Structures are given as C-alpha cells and as structure tokens.
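S.K.: Residues per chain are reported as follows:
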Amino acid sequence: MTYSNGSTPPPLLAVDDLSVGFHNREGVVRAVSNVSFEINPGEVLAVVGESGSGKSVTALALMQLHPRNTEITGDVIFDGMDLLSMEDEEMRSIRGRDIAMIFQDPMTAMNPVFSVGDQIVESIVLHSDINKKEAWNKAVDLLASVGVPEPKRRASQYPHEYSGGMRQRAMIAMAIANDPKLLIADEPTTALDVTVQAQVMEVLYEVQEQTGSAMMLITHDLGLVAGAADRVQVMYASRLMETGGVDDVFYRSRNPYTRALLDSIPDLETVKETLNSIPGNPPSLAHPPPGCAFAPRCSMAIPDCAEGVPDLVALDEPGHASRCIRTADIEVAVEATV
Amino acid sequence: MTDTPDRDDTDRNSIDLGADASPFDSGAVSTLEVGEPLLRVRNLVKEFPIRAGVFRRQVGSVKAVSDVSFNLFPDETLGVVGESGCGKSTLGRSLLRLIEPTSGTVTFGDEDVTLAGRRRLQQLRSDLQMVFQDPYASLNPRLPIRDIVGEPMRIHGVSRKEAKERVGDLLNRVGLLAEHGNRYPHEFSGGQRQRIGIARSLALRPKVIVLDEPVSALDVSIQAQVLNLLDELQDEFDLSYIFIAHDLSVVRHTSDRIAVMYLGRLAEVTDRTTLYDEPAHPYTQSLLSAVPVADPKRERERKRIILQGDVPSPANPPKGCRFHPRCPVAKDKCSVETPELTEITPGHYVSCHYPLIAGETLLDRTRTLGRNVDIAHH
Amino acid sequence: MADTSEATEIATEELRDAEVHGPRDHGNPEQAPLFSAGEVEGLTEKPKSFGRLTWEKFIRHRLALVGLVGLLVIVAAFFIAPYFSNYAFDQRNVRDRLVGPSWDHPFGTDEIGRDLFVRTAQGGRYSMRIGLMAAVIATVIGTLFGAVAAYFGRWVDVAISQLINLVLVVPALLILAVFALYFGRDANRLALVLALLLWTRIARVVRGVVLSIKEADYVMAARAAGASHGRIIGRHVLPNVIGAVVVEVTLLVGTVIVLESTLSFLGLGVQRPNASLGTLVADAKGSIATDPVRVLMPGFFIVLIVLCINFIGDGLRDALDPKAKVEGGKFDSKKAAKKRRKDGAKAGGIDGRTRGSALTVGGGRLTGSVEQGSNSTPGAP
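Residue numbers (my numbering), protein chains in the order written: chain W, 1 to 338; chain H, 339 to 716; chain D, 717 to 1097.
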C-alpha cells in the first residue's frame, strides 16, 4: 500500500540510527549498526538477509526483547511513543497489544502445558477488561478466522496436538487477538513445508488486510518477499544495504550485494547453466572488515571500498536508497543491460 | 549434466526382475534415459516398526517408503523432491543400506545390493557414496579434517602416506587448502564443512553419490557456491547424483530427471522440462504453484492453488491414492484403489488414476469438475 | 505466550549463527584472492593430536590446574607425613591421651593416645584408595552396561534400564550396612560394594551419549565408507563417550569419599585400628567442644579433596569439548557462564510464567556462543 495521493500520514514506526551491540569478553559484537527506517500504517515491509545479518535482532530490539548484556542506541518512535526510553511496565502493555510478534517455530513459542485456547485467552485478558468466558468465545472466533477447522474443539487442545501449519495459524490468531497496529513476523514459514507455507502466508495476508495492521516480515526467502512486500530492506553484516519499493529493489537494484543475491538463487521458471555464486563467506561481526562489509566478496569492489563505511545514497525512485560508493556506476550497468 | 538426445536402444529387459516388473522395464525410453541404467531400484519398501510398552512390542509401522522403483542412468542427476515426511531421506539411505530396506531390490551394475554380504557391501560402498544435509552433524568433532576425509581410504586399504596426499588433492579440489587438513571441523563455516563432506564422499572415487539435502542448511549465497562445485565435480569425476531436496527451484537447477515423492510413494517421474512444463500429477502441480518466485511481477500474476490440510502421518497413510484427501480433483476411485506408476508418454511416469494431460492445469480440471479451490489472490 | 523466551532464543540463535559461521573469512575457494596472510598463518604447523590439545587446554584452565596440583600435594603429603613423626598410626601412648596440638603431635592425640597427625595421613590414604578403586570399578561396569544397552537396544536396553532403575531405588546405606556386617569391612570389599551401588550413574550417562552418537550423521558417514563396527566404536563412539565419562568419574571419586566417610562415621566403614577420614571425624565427635582441631582436620581434608577433584572434573569437561578454546592463558570457566546466565535471567522477564528456564538458557547460550565464535579465529591452535 503506497500513499500516492500526496498527503503522507506520519509513519507508524520510525527507527532512527538504531545500533545493537552484544558484550562479550573481547568487547562488543555489533549485531545491528546504524539502521534507520520507517513503517507506514497498513504497509508490509520485508527485511531480507542471510543468517547473522541482524534482521531478527532489529525486530527484537524494537520489542525490547533483547538480553541484558545488550547495548542499544538510537531512537525508536512507535505511534508517537519513544520505545527505547520506556519502562518495562509500559513496554509490556504495548507488546502483544499494539505490536505483536509471530515466531519461526510455533512449537517452542507456545507453552506446552496450556491449551491453545487458554493461551489466546491469556493474551486477550492481559490487555483488555473482558471476562474469561467472553475471551474464550473470542479465541474460538479468532481460530476460525485463521482457518483452524472445528475451532470449538481445537481451542481446548494442546499445542502438541496441532500440526506445524495449524500451530502457526494459532500463533497468528494469538498475535491478532488485540488488533495490533504492527505485526512482526520473524521467518514465520521457514519451519513449514512449501504447500503449508502457501496456506499460512495466505492467512497472514488476509489477516493483515482485514485488521489493517502494518507488517514487518523478516525472512531469508526472496520469493516470499516478492509475493508479499510493499517495500524491501536488504541487510548484510548488521547494516542496511538497500531499501526501496519491492519493484525498485528487484528490478532496479543499485546495490552489488542485492544484485548478487538475486543472481545466486536458482529460479523455478528459468534454468541457468551455472549460478552466479557470491564468493567467500560473510564477515565475522566481531571483526568486521574496514569499510564496506561486502567489499571482500564484491565483484565491483575498488580500493576505495575499504576506506570507511559508505553512506546510504538516495536514488531517483522515492524511498529507494543504496549503500555503495559505486552506485552511479551500477546505474549505468543497469541501463546498459536493459 | 547430460543432455544427449541420442536414443540408445540397448535391451533394457536383459535382467529378469521377476513378476514385479515395473514400467521402467518396458522397452520405452525417453530422450534422457540414455544407456544401461547404473542403478535399478525396484519395489523398494521401508517400514519402521512403532514399539510401545515395557516390552517394546510392535504396535504398528511407519510406512516411510512404499513400493518405489526407478532407474539411475550414468552421468545423470536424478532429483528426488518432496515435503518433510515423504520418505526421500529414508529412500536415499536405503539405497546404500545405511538403513536396511524392508523389501525390494537395488541393483548396481548387475549385482543386487540388498543381497550383498558384509564384505561385498563394504566394497560396493566405494562405488556408492553419500553427502549429508547437516554439515555440523556429519563431521566427527573430535577428528581433524585430514582423518575425516581420509577415513574411507584407510578403510579400503590405502596407505597412510598415499591417503595423506590424496586428501590434500581432494581438499584443493573442493576449494580448501591441503593444510586445512590439520584443522578440526568447528573451525570451519557451514559451507566449508559441506565442502569437506563432499571431499569425503569423493575419497573412494564413487560412481554414484546420494546427496541428501546438501544445501538446505546453507545460506543463499553459500548455496550457489556448493551447487556449482557439485556441478563441476560431476563432469570431472563422471558421477551420477541422486539429489534429494525439498526445494523445487534447487532441484530444477541441478537435475536432469526428477522424481516427486508424496507420503512414501513416487507421484511422478520425468525429465525436468516436462515436469515443470507439463506436470501430470495434481500434487506436482500444486507443489510447483506453491513455490514462491523471486520476481514480484510474476508473483502478482500467478494464480496459486492452495492445498487443504497437512501431509498425513506416514504411520497411518490414507487408503487408495495417498494424495486423495488433499487432492482438489479426486474422484471416488481415488479413495479406493491405489494408482500404479504408469508411463503416460515415453519417460514420463505418473501414479494417478486421472493424470493431467498435455498442458491441462489443475485449475482447468477443477473447473470442468465444478470444484471449488482456494486460490491465493495475493 | 512465550514471546519473551522465544524472542531471546531467536536473538541468540541469530547471533550464534552469525558467530558460529564466524571464521568465515577463510576466503573464497573459487576466486582470488583466496586466503589472506593471516588466515594461512599457522596452517602448516604440525597437527596436534586430540589428546595433546586436551592436555594443553586442561593446563590452561586455572581452577583445574589448582585442583590437580592441590590433589597431588595432598596425596604426597599423606604418604610423606608419617616420616616426620615419631609415632606409628596405631601406636598408643597412654600418657599422651587427648593432648592438643603440639610440636610432637601436630594434630593432637585421641582418647588412647594415638597420634592424629599420622592417623590423618593414614586415613587420607585409605579414603583415597577406596574412592579411586570404587570409581574405577563403577566406571568399568557402568560403561559396559550403558554401552551395551544403547548399542543393542530392544530388550537388552529394556532389561538394563530396568536394572538401573532398580539399583537406583535401593537404599544404599541399608545395603552397605548389611553387607559390612556379614562380609567384613576391608577396603577392597567396601570399594566393591560402593561400586556396585554407584555404577548406575555412569551407565546412564554412557547410555545417553551412545544413543545419540549411534544416530549421528558422522557415524552414518563412516558406515557409508564401509567402516566396521569395531572401527565405528573405536574412532567415533568411544572418543565422544570418554568426554562425558571422565567428568562423571571424577565426580564419582568425590561421592565415594563422602559416602565412605558417612559409613565410617556410622561405624560401618573401616575396621579399627585402621582409620579413614570418616572414622577420624566419627571418633572425634565427642570432643568438638573441647578440641575442635580433632574434628576439623580430617573434615578439612575431606572437603579439600572433593573440591580438588571437582575442579579437575570441571577442567576436563571443558578441555574435552573440541569446540572450547583457551586463549591468553585464561579459560573462561563454567562459573563465569553461570554468572552471565544469571544476569540474563534478571535481564528481562516480561511474562512471569515463562521467565525461568527459557530465558536463563537463552542468556547463557548467547554469551557462550559469542565467545565460541570469536575464539575460533583461524590463527588460534
């Protein structure tokens, strides 16, 4: 959903210069470095990256669910409130009500000793005044709305009696119980089979459309991003590499990492002779290379790339930006191939 | 990967496989089935007993692999795809008898692997090798890389000195340094470990390698490196691969022919072009339609058929066609009679009573049958 | 609702991924530049055997080293001490009954005038002997039964597991008491009985480890390479079992010493005039008020020995973990990890119900893994 009528509403979530570091004996491991972005109401923002890119840590920092030995700097403004300066008490009232989270593995995200219905009821009564009976009825309705068959009976069953796909549906039901303004889905279908993934993603879209909530979809699967997102944000080694509308990033990418990533995945519909693989391995976050973190693996790297971290450069398309000192050269390359 | 279009009319029935002759023993050949099969799998079955109680009495069985037959030809890659629990990994391990198959035959050359004695099996394993999915679990953490890669050679009587030399060469070949042999597995990243696993599988110069989800534990950018490496090695060492995976895009990229499995049975076997262009089994079509494509425009245009429900438990598979409870175009016969794998066009094998023929889509079929299906409108 | 714990879990997961893949800078195999100078450095050095690596890690583990040296000193003292005294351990000096510590009798004497300095040394040797013997016997029995149960599975496993449960529910002290009364109480028999009661601990550990290793992919890979059962057990199963067992054995030695002391205290242990640390405490129990040194000295040695042994066990556990690395002569022991785990637990419980276990584990794993990754730099040994 883009707001093309000119009057841009204030963003639902504004993250400014967010950095997250984990302390260890040697010092600080930077899991997220100077990340800034916004999410507008009703919008789907996909955050893509490989493991260790900092995409999940970003989400946890927003939710203030990071472990104690963590250092967070920057500003996170959600709906006019500054989340990072909030007391535990206040933050708790926002979590699960205004911002809800869906995790990768629904088996460990649910408590095995309570029935699914009970767990949904708990998340409802935690944030509203209705009594348990009404909450139970609402839980059954919610299960029905995410496509759990026989919701009345299933509500009193325990998580282990649910299949993986059903459990993830129940997690979604729990997440939308309080009509959140922002849904954070962290690899919501990674543990599922592809046919079940299609079911769950469909439920997720429907729910997101019905409730009008914004969604931050964290995933490593570029296919999911292509199908789901309004805007995309590519992360690599704790930094934002490129951000922009989904078509801008997929078709008009000005970032060597994004382009290499897109080139390296096998495609279902076209057969490539050899895949354009990205050489080498992602850098260690404890000892990042100087300058651009991708430079050691980048086919376009020049000596200057090692001289300091490049800035995010704004591009022609609105909201499209890339972190690369050779952005201009890439632009030429794109036009040359088209 | 082979793309030789020439037909080879060698008599494929030269080996009598008894009464259980499968469609693969018919004279028909497709363009990709070239030469004498290297590996013939016939009616392979693997059931795991379910035990309960103090005395571990058998109370049932998980039918992991049921009546699976196929051929593997020299220099080709046969992809085996399916969702979790479809029995593809069990199948891979049964071929090497890392899991003893319950019944059926696996013929390598002209020898039945399932009948081989201990000694003979050890020799056969120099021809049949395996690469495992989890690069963290498949290397003994207490052995240096040199010993891990060299172990197969030492078992097969290669001298210590020669083994050391060959390990160095192998490590070089898979993109590591010979000196890395002195390191321990935990010093390597996932992709590097998978390279080590591949080097180990090459140690005995095998003819067939079963690749069990070799890239699914790796990050996208590392996946491509390993896939390209496997491709190069295939040409260099004249290898035939059985490539087991759940990712259809990866299988399409690597395989010459593809077998689709569902709940322990083969649903469809054919070359990759036919499989992607004219899938005949309703399951194959829905599987293909469920895979997200990294192309926003195509994603917006696609009509995605959404299958109902989850994959049933292999401990208690549905009667008749195992796919019928989820099949949007199933008819009465499907819940009663188990469809046999039959050859609908040369080289295209399908186990469905009502296969989709020549470009017919699952959506067309549901319309003609007047069925409702869930179509993703996103 | 387990968002908190799950969240932490994921944070750690992600970080661990990041860090386990840490030393990714080995460079790219397909394109130059392959490996930087730093990464190739040390590559040509001769490989160290696993035993040697373990030893190197062990001696760099501070607490373990303290434990080992301490134990050696104590044992040596037990053997040497009698030479510095003019008395034999069972020599009665009626005139010197119940004297306090003096130059002649450093620890004083007991009711019948025996020198407690010599008796403590003798008792210490006795306790150590029983402890080691019982631990060795229990380990042999336990490893055998545990491995057989896991390896053969089926009814063998059922039978052995039930036997283990049976032994576990038997009241140890009662059996020991009855046995001591009927068969005498010399050191060897005592050790045997203790071993027969304690082997189950080893057996359970070994069974668990063998069960998991049996299914490990690297055992599958060895089988795929054509390895025989003997080779699989020798190369792949046993080395991984030893790590777990060695730790359990050191802890067992401590348990046996304490148990033997308890028995002796109850009068069911060592036969007089021989002494063990336990009988010495028992004999002195009447004079705690008048002569505390008499009780404290043997008690002090019991505590010291058990402590040293536990330190050694701790060090061995870490040293035998192939992933753990030591650097700068300082090993970050379990204690530090525990402390950090505690911090993690304090950090952020939002949902009371799930706060406990999951978060605690989360915190611990996080820090542990970060270290692990950052330690495994390619240049390190």
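It cannot be assumed that every hint is accurate.
[As the list claims (entries may be wrong)] Here are the simulated BS3-like cross-link-like pairs (lysine-lysine), alpha carbons at most 27 Å apart as the crow flies:
{"id": "1", "chain 1": "H", "residue 1": "Lys545", "chain 2": "W", "residue 2": "Lys272"}
{"id": "2", "chain 1": "H", "residue 1": "Lys671", "chain 2": "W", "residue 2": "Lys272"}
{"id": "3", "chain 1": "W", "residue 1": "Lys272", "chain 2": "H", "residue 2": "Lys502"}
{"id": "4", "chain 1": "W", "residue 1": "Lys152", "chain 2": "W", "residue 2": "Lys133"}
Because the hints were derived from the structure by calculation, they are not lab data. Only a predicted model underlies this, so the values are computations on that prediction, with no experimental measurement involved.
S.K.: Are the hints correct? Go through all of them and say.
M.R.: Cross-check of the supplied hints:
1. This hinted pair checks out: Lys545 of chain H and Lys272 of chain W have alpha carbons roughly 25 Å apart, not beyond 27 Å.
2. Note on Lys671 of chain H and Lys272 of chain W: the hinted pairing is violated, with a Cα-Cα distance of about 41 Å set against a maximum of 27 Å.
3. Between Lys272 of chain W and Lys502 of chain H the CA atoms are separated by roughly 37 Å; this puts the pair beyond 27 Å, and the hint is violated.
4. With a C-alpha separation of about 13 Å, the suggested pairing of Lys152 of chain W with Lys133 of chain W holds against the 27 Å cut-off.
The structure fails to meet hints 2, 3 from the earlier list, while all remaining hints are met.
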